[in-house]
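Make the complex out of the two chains shown on their own, each in a separate frame, by following the hints.
Residue numbers (full-length UniProt numbering), protein chains in the order written: chain S, 1 to 361; chain C, 1 to 295.
What the hints contain is simulated information worked out from the structure, not anything from laboratory work.
You may find that some hints are simply not true.
Here are some of the chain C residues that sit facing chain S, going by a computed Cβ distance under 8 Å [as the list claims (entries may be wrong)]:
id : residue
1  : Leu-86
2  : Trp-223
3  : Met-230
4  : Pro-283
Now the in silico label distances, taken between C-beta atoms and shown as ranges [as the list claims (entries may be wrong)]:
id : chain 1 : residue 1 : chain 2 : residue 2 : range
5  : S       : Pro-24    : C       : Leu-69    : 54 to 60 Å
6  : S       : Ala-128   : C       : His-178   : 50 to 56 Å
7  : S       : Phe-232   : C       : Tyr-116   : 17 to 23 Å
8  : C       : Ala-277   : S       : Gly-306   : 41 to 47 Å
Note that beta-carbon positions come from the ideal geometry of N, C-alpha and C, so glycine has one too.
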Amino acid sequence: MLRLGALLAGIAVALSFPSMAPSPYELTVGIAILNFAVLSTSWNFVGGFTGYISLGHGAFAGLGAYATGLLVTKGELPSFVALFVAAALVAVLAIPVGYAALRVRGASFVIVSIALVLIMLLVFQSWASFTGGSRGLVVPRPFPGKLRSEHHEIFYFLFLGLLALALLAWWIIDRSRFGMGLKAIREDEDKAQSLGTPTYTYKLVVFVVSAAFTALAGGLYGLWFGDLDPVFQFSILSGAYMVLMALLGGVRHLYGPLLGAVVVGYGLEYSKLEYGDTPLHLVFAGLLLGVVVMFMPDGVIPAVTGLVARVLGTGETSIREVTAAELRDERDEREADVRPDHRPDGKRPDGKRDGKREVRQ
Amino acid sequence: MPSASLVFQSIVLGVLLGGLYALLAAGLTLYFGVMRVVMIAHSAFLILAAYLAWYAHRETGVDPLLTLLVTVPLFFVAGVAMQRLLLTRLRPATLTMMSVLLTFSVALVIEGLLGYAFSGTQRRIRLGYSSASLEFFGARVAVVKLIAFGLAAAALLGLYLLMRHSRFGQALRATIQHREAAALVGIDTDRIAGYGFGLGLATAAVGGTALSLDTTIYPSLHWHWIGPLMAIIVVGGLGSVPGAAIAAMALGMTQSLLQLELSTTWAQTVFYVALFATLAVRPQGFFGGRLAQRF
Chain S
1 MLRLGALLAG IAVALSFPSM APSPYELTVG IAILNFAVLS TSWNFVGGFT GYISLGHGAF
61 AGLGAYATGL LVTKGELPSF VALFVAAALV AVLAIPVGYA ALRVRGASFV IVSIALVLIM
121 LLVFQSWASF TGGSRGLVVP RPFPGKLRSE HHEIFYFLFL GLLALALLAW WIIDRSRFGM
181 GLKAIREDED KAQSLGTPTY TYKLVVFVVS AAFTALAGGL YGLWFGDLDP VFQFSILSGA
241 YMVLMALLGG VRHLYGPLLG AVVVGYGLEY SKLEYGDTPL HLVFAGLLLG VVVMFMPDGV
301 IPAVTGLVAR VLGTGETSIR EVTAAELRDE RDEREADVRP DHRPDGKRPD GKRDGKREVR
361 Q
Chain C
1 MPSASLVFQS IVLGVLLGGL YALLAAGLTL YFGVMRVVMI AHSAFLILAA YLAWYAHRET
61 GVDPLLTLLV TVPLFFVAGV AMQRLLLTRL RPATLTMMSV LLTFSVALVI EGLLGYAFSG
121 TQRRIRLGYS SASLEFFGAR VAVVKLIAFG LAAAALLGLY LLMRHSRFGQ ALRATIQHRE
181 AAALVGIDTD RIAGYGFGLG LATAAVGGTA LSLDTTIYPS LHWHWIGPLM AIIVVGGLGS
241 VPGAAIAAMA LGMTQSLLQL ELSTTWAQTV FYVALFATLA VRPQGFFGGR LAQRF
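Same shape as in the complex, but just chain C (with noise of 0.2 Å):
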């Protein structure tokens, strides 16, 4: 029996995992809502973008977090893009399967051009304060596990804000109800859909940046993170941004808890239970909305 101590040192890295895992997961849930389109290529955007911290700290040695400034304006056009030139150009009838297949190819070309350019050399960022943590009432947290949960937060955070407070995140948020008759009260649901796909792409920018600060990277490891975000999803019911949320934190903390007892790859394997169990027990979701249902 693992001690109290260890416990709620495993509860604060589950709660700190878990932050990483909804923001990924809420971009998902982004996509989901406007087109119907599980994207694959998610979590290789997101080893792009930690790829991209890397190499900006090796070349210049600034600090990853600043890679932010270029990689979210990036990450956004190359999301509006993706959706405005490829997945609205997919026959409607066949938009959800085939969808699934085309960014599936966006992550095989990701990541063959990521070996190509930089090897399947496993890379980690060193910095000063890679190894510096924080005594928190007898559990101790890496600073830069910290710092990821911060950027993870601040951005659900402004994700949350936009979506409820701006004139952008109403027409969004209509555009994923009823995408007709948003359009009908005069919302070019097309642009909107557009920019939503690319606020999604942008939290793969954060997430990435996020995950260089304390994770060593290889081109392959997005087949890791797409298991586990895909799950999530579904467990929170497909374009539920709270479902994603819950699930995320709760499947996060259990990981970090089973890992006390078992190794960390079937600690994993949480993730795929709660998923075939989510089938078997209610397809929908267990936090899904309307949308979940048809899906």
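Extracted from the complex, chain S is given alone in its bound form (with noise of 0.2 Å):
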């Protein structure tokens, strides 16, 4: 119940933010936290399912843009076609890349990643003739009668709906068969494909899923900004966003990359706004990963639950998600139970305690 109203209220408020924004620049950035949360929702198919950590999906949010401009300025498509066939061939592109990149796990995965971004960026700077290169593309409006602050409003409508859209897709498959498989992957591999999961077809999958989703972002944001340039599009700091505001919020959690996006967005629109002609905001952008990644990598939704339930003494609920190293603290109390020095108080002979559990959102 009172989820459902916390979900209601945010609904509430999402929908009623643009009448209330005290001015444009409000609403831009409101429609730029929203650009975040969809990408980072997209990354979080591929790193909060498989622990597979992408830092290049930038790559597929500048190749959403720039198909979806291109399409509309070479290819004379109208607007909405075109980022919707842009995400279809990003999707198709997205499955010989997953392809190769699947193919090695851990940190290879990673390197495979960063260079894709470097690849692109190369080939857009260089492929001036087709892409405007340093140049820029201009992506035409596709409401020209719209004031600018009418045009905003729509955007804003345009990517809630998307983000409304990534979430539901996450909620499904996180509770499908095919999410089973993937959290399995993320686990542990080798034994989620010993156990008969076809591992490398769920992640493939999953990686294609997450490419289509982070194109539509970038389409939609090309389609919003109307001005690309390679510079911006295939950067690597844009992934490495999506992979901070995911991993704030907590990848393990739906709401996780959308409560990051709030912040980091917030964030970075702040510093822009406080220090815009100076680089402090890599600064300030880098000094938060390392924070998340050395003291919270399971982001905040789980060191804040923990918090609250440690404080209310409600730790125990009936579906849990447990880790590879709480099943087998689990297994050891089952057969230290089972032993005759077994103990009324549920102690464990050695006196170790539960591992911490995780609750599930």
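The structure is reproduced here in structure tokens:
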């Protein structure tokens, strides 16, 4: 009940924001944050479910934006047809990329993802006759008759709709057999494979889904912003922000990336406003990423819910998500229980406490 | 078709460039060997060293090479500190992935601070011998490029001798090969790993100073280097020093030769083509050993 109420309240706030925003500037900040939220939620299809960390998702966003822009300007397609065709094209392109990248795990995968952005940057800068190169590509506005503020308002709701779609897709996968297989990959890929999960196919499918959503977000951004430059579209930084936002909120949680996007997106806009001419926002982003990685790699949501559960004493719920380490602890405990030296108070003979349990969102 | 002397010139330049790549890739390989860490910040430290050389030269007029006396020990200490204070505190289960993000954040901080301190303006060191060049069997080679190669070669040779013929080198190699076994025979593997990390970062100081001699530098230049270096260690096989050196030479030479026909930017794609080809054909790398197969 409480959760439903919170969800409805969140939706109400999101829907009424444009009419409450004091000026068009706040509205653009809202759009930027929603764009970040869609991007990091899209990233979280791969990062959250499978544990593969891609620093190169910026490439898919940039490709989505450029493909949309080029389809509108050179292909003369209507704006929103172009958007979906572009997302489909990026999804098709993600298949061979994923095929190569997902053959390796861990460090090599991250390297490949970085390489992807750098290649795209090289190609889109060098191939100036087609992409406009460093001069940029101007994407015509989809609603030429509208005022600037009306334009922002329409795009605010479009981004909100896309975010809802991405969250819904994540939620459905989270509860499906497919999602279970992906999480098995995250916990122990070899074991998942030996138990019959088609790990490679699963990884590839979710990679393509993630790329398609990222491309949709990038394409919508292209239509909204209207001016594309390879340096900003294919920047490792944009991929890093997606990772930062998802990690900050919590990659195992539906709303984790959204929460991270609100914090990081607002922080970025603020630091651009305050220190616009300096590269200090890089320092802030770097320090924040370092702190998150060092001190709360599971994100804010588990940290806070853990704290709340400890305060209220409601740590136990029936549906739990557990890591391999926790499962091992539990198994040890069960084995200890069947032994004759079983104690009625539930403590293990060696006096060890239960492993920390994570409450499912 | 370019003339034979032009091709020869390209080969010479390719060897010189490959030497620098090899030195930097060796540093990355060390980190991976001792800690299973992919150090994204390596090239940021490279640019930092280049900036320190440029700044010292601008302020005092000293030869950039003299800054090595300061930057090499400084970077060594920074490497040990980074390993001790940051990387060992990550959870072992997710060390590889999280270390990428952690070193990435270090790179961002360095880039941001460099930009804040020295602005985004492109900088270049002007030296008395900047424009001098030598005739070498019909190929013209700039003296600064030769010095850079000499530095890289000396540092690589020093690294090799240290690894092969000192007790520390033995301990480091043992730690890389099998950490638990090394600890069992009495090696303080934590300390050795820290020193190994410092050694890797010290190579970035040498590389950065070499780079500062004949390149225009700016804070975001490190992104330009990180791609080729990462490609080299994947092609060479993560964790293999000879693999990294061979791949560095081969790719540096190819890049140099491709520049005859293509623009500089397009020639750079050779690294990424090689990277994806390696993954499609032989994901553990072409020269990698036992270590590489697990990643």
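Each hint, compared with the structure:
For Leu-86 (chain C), the shortest C-beta to C-beta distance to chain S is roughly 7 Å, which falls under 8 Å, so the interface hint holds. Checking Trp-223 (chain C) against chain S: minimum C-beta separation of about 6 Å stays under 8 Å; hint holds. With its C-beta approaching chain S no nearer than about 4 Å, Met-230 (chain C) sits inside the 8 Å limit, and its interface hint holds. Annotation: Pro-283 (chain C) was flagged as interfacial toward chain S, and the flag holds, the nearest CB pair being 5 Å apart, inside 8 Å.
Range check, Pro-24 (chain S) to Leu-69 (chain C): Cβ separation about 56 Å, and the 54 to 60 Å hint holds. Remark: the range hint 50 to 56 Å for Ala-128 (chain S) to His-178 (chain C) is upheld by a beta-carbon distance near 52 Å. Between Phe-232 (chain S) and Tyr-116 (chain C) the beta carbon distance is about 20 Å. The supplied range of 17 to 23 Å therefore holds. Taken as a hint, the range 41 to 47 Å holds for the pair Ala-277 (chain C) and Gly-306 (chain S), whose Cβ atoms sit roughly 46 Å apart.
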